[in-house]
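Between the sequences and the hints, there should be enough to build the whole structure, so can you do that?
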Amino acid sequence: MEAEILSIFLAYLKAFAVGGGICLIAQIIINYTDLTAGKILVYFMLAGVVLTSIGLYQPLVEFAGAGATVPISGFGYLLANGAMKGAEKGLFYAVTGALTAASAGVTAAVVFAFLMALIFKSRTKRN
Amino acid sequence: MTGRTRENYNRNYLEYVKTQDPPTKHFKNCLAAFGVGGFICCIGQFIRYMLGYAGLSGDELAGSTSVILIFIGCLLTGLGVYDRIGRYAGAGSIVPITGFANSVTSPAIEFKTEGWIYGMAAKMFTVAGAIIVFGVFSGVIVGLVYLFL
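The listed protein sequences derive, respectively, from chains A and B.
Here the first sequence stands for residues 5 to 131, numbered as in my numbering.
Here the second sequence stands for residues 61 to 209, numbered as in my numbering.
Since the hints were made in silico from the structure, they are not lab data.
Hints should not be assumed to be uniformly reliable.
Claimed, not checked - Below, in silico cross-link-like pairs of lysine-lysine (DSSO-like), each with a Cα-Cα straight-line distance of 30 Å or less:
1) B:88 / A:18
2) B:172 / A:18
3) A:125 / A:89
4) B:85 / A:93
5) A:18 / B:85
6) A:125 / A:43
7) A:125 / A:18
8) A:89 / A:43
9) B:85 / A:43
10) A:125 / B:172
Written out as structure tokens, the structure reads:
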């Protein structure tokens with residue numbers, strides 16, 4: 005029982021450290037360059053795709069769980085992983101695998117954003 | 061010749077601008093990004109555990125976790141809370157998947173006034189569109205490389 009609690013605590017600690025670390029790298033890049041939020045998101049997603057395709061991101065996901073899958077690089081991991089799994093099945097699945105894997109995230113973003121646009125009005129930004 | 065002097069002017073001006081800039085609080089920024097980013101990932105880990113107890117596993121578990129986080133991100137954006145977190149946390153709120161949700165919801169709400177089709181629906185993808193374009197394209201390349209390897 006105690007061992008289980010310890011392992012759960014460790015899982016949270018790893019998720020915090022790795023997820024926070026990825027955000028820290030992004031913040032350092034933002035501080036020293038003038039990349040906008042959109043570019044940071046695209047670059048980190050592409051980094052996730054590249055690291056997954058050369059086999060470096062999978063161990064990180066196994067180590068840190070949500071710490072590696074929640075940042076946008078985890079979205080890249082999802083895309084690349086789907087494509088790599090699809091490639092085992094043939095040409096059709098190699099091409100469609102990436103977007104199939106990402107379909108849940110894209111669908112959720114579109115549907116929820118639509119609902120929020122129905123419910124909320126744009127507010128003036130207080131800076 | 062003229063190009064070179066213009067470059068010099070530009071460089072002098074940029075150096076001048078730098079001296080007038082208030083010093084950015086690098087350390088504080090980074091700490092906030094680390095803390096908030098790590099905290100959002102812990103929420104993700106919590107959702108994973110809860111869904112795991114509910115009997116989900118594998119792709120279904122990972123997908124459902126993202127869907128719930130995206131919902132939280134969209135809702136907080138709609139309520140105007142996420143922008144306030146973002147001002148404090150910087151990359152800590154941009155990089156997690158909730159930041160992706162924010163980048164979709166924020167323009168969707170803001171451009172609603174320009175109409176539902178060219179405003180809300182089209183502007184929804186100002187940032188997310190770029191992510192999906194590069195994501196799908198690089199994903200197809202990875203798939204083809206693995207297929208022919």
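Right, here's what the structure says about each hint:
| no. | hint | result |
| --- | --- | --- |
| 1 | B:88 / A:18 | 22 Å, holds |
| 2 | B:172 / A:18 | 40 Å, violated |
| 3 | A:125 / A:89 | 42 Å, violated |
| 4 | B:85 / A:93 | 51 Å, violated |
| 5 | A:18 / B:85 | 27 Å, holds |
| 6 | A:125 / A:43 | 27 Å, holds |
| 7 | A:125 / A:18 | 38 Å, violated |
| 8 | A:89 / A:43 | 28 Å, holds |
| 9 | B:85 / A:43 | 22 Å, holds |
| 10 | A:125 / B:172 | 8 Å, holds |
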